[in-house]
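Undergrad: Sequence:
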Amino acid sequence: MENTHDVYRKFTLSKNSDYDIIQSSFGHFNVFKRDACSFLTPYSRRDYYKISLVMGMGELHYSNRWIKVDRPALLFSNPVVPYAWEMTSKDQTGWFCLFTEQFINQESKQSVLKDSPLFKVDGDPLYFLNDYQVNEISLIYEKMMHEMHSTYTYKYNVLRNYLHLIVHEAMKMQPSSNFERQGNASSKISHLFFELLERQFPIDSPSYQLKLKTANDYAYSLSIHVNHLNRVIKEATGKTTSEHIGNRITQEAKALLQYSNWNISEIAHSLGFEYQAYFTNFFKKNTGLSPKRFREIIFNQQV
88 MENTHDVYRK FTLSKNSDYD IIQSSFGHFN VFKRDACSFL TPYSRRDYYK ISLVMGMGEL
148 HYSNRWIKVD RPALLFSNPV VPYAWEMTSK DQTGWFCLFT EQFINQESKQ SVLKDSPLFK
208 VDGDPLYFLN DYQVNEISLI YEKMMHEMHS TYTYKYNVLR NYLHLIVHEA MKMQPSSNFE
268 RQGNASSKIS HLFFELLERQ FPIDSPSYQL KLKTANDYAY SLSIHVNHLN RVIKEATGKT
328 TSEHIGNRIT QEAKALLQYS NWNISEIAHS LGFEYQAYFT NFFKKNTGLS PKRFREIIFN
388 QQV
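Numbering-wise (the numbering used here), the sequence shown opens with residue 88 and increments by one.
These aren't lab readings, by the way, just hints derived from the structure by calculation. Computed from a predicted structure; not experimentally measured. The C-beta atom is built at its ideal place from N, Cα and C for all residues, glycine as well. Heads up, some of the hints might be wrong.
Unchecked claim - Between beta-carbon pairs, the in silico distance windows are:
#	residue 1	residue 2	range
1	SER294	ASN334	41 to 49 Å
2	TYR219	ASN314	43 to 51 Å
3	ILE154	MET232	24 to 32 Å
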């Protein structure tokens, strides 16, 4: 999983970069011109949110889809859905900003950023732009860049307001019906839950920690009440939401114990357990074996 430190290694930044300043109690935010970045990115998750104004042709691999980008577009990505970008034209310009969940969480619970369909698992990640929209959104990015270097006390609030503007511009590009909750669409909710569950796996680095661990986490990402999610999943499968989450985490734990060289503490952390003892109890409850004993049995079978 790529993190913000990986992003900065891709750029030629001065030692006096603002990175350490913004990586603070406010969370992290920064804005760049796209001509400073690599135009072949690996298919993976990131630990940050990103909004890109893409000017240049290429192909976007987003979740299980390939999307051809042949004109200016606005791209939204989040830490849950893996994606990759491959350019098909030499000229690549535009802007992008990246920010962490902590940066968003400085706002109230009613924040349009956190609640926007643009950052939900079933949201549309790409919005093609006309010339007017390109100019308007480019201007917002230019203002972001200017604000980044200001000494204004409330600069982070200003930057969040600019994020709001971009999100609202994108929301205006969709029919209003796209933002209506489909509370009675049980089959769609069930499908989206399992899609979201699977998108968290496989875990490819011990530094990555599972983002969604409870039924409440999934309900929040799907913009529905947890009781409604539980009812839909129970009616569709006969199992509770928590059972499905626990079974999938157990499955991933077995794979990591068998195929990775991570120690048990690293595996516990990556699967979202605060303490190794919690993971050990969880794994033993679901398999009848401790993680250590499970790994020993697998190792002996392979010898």
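Undergrad: Which of the numbered hints above does this structure break?
TA: 1
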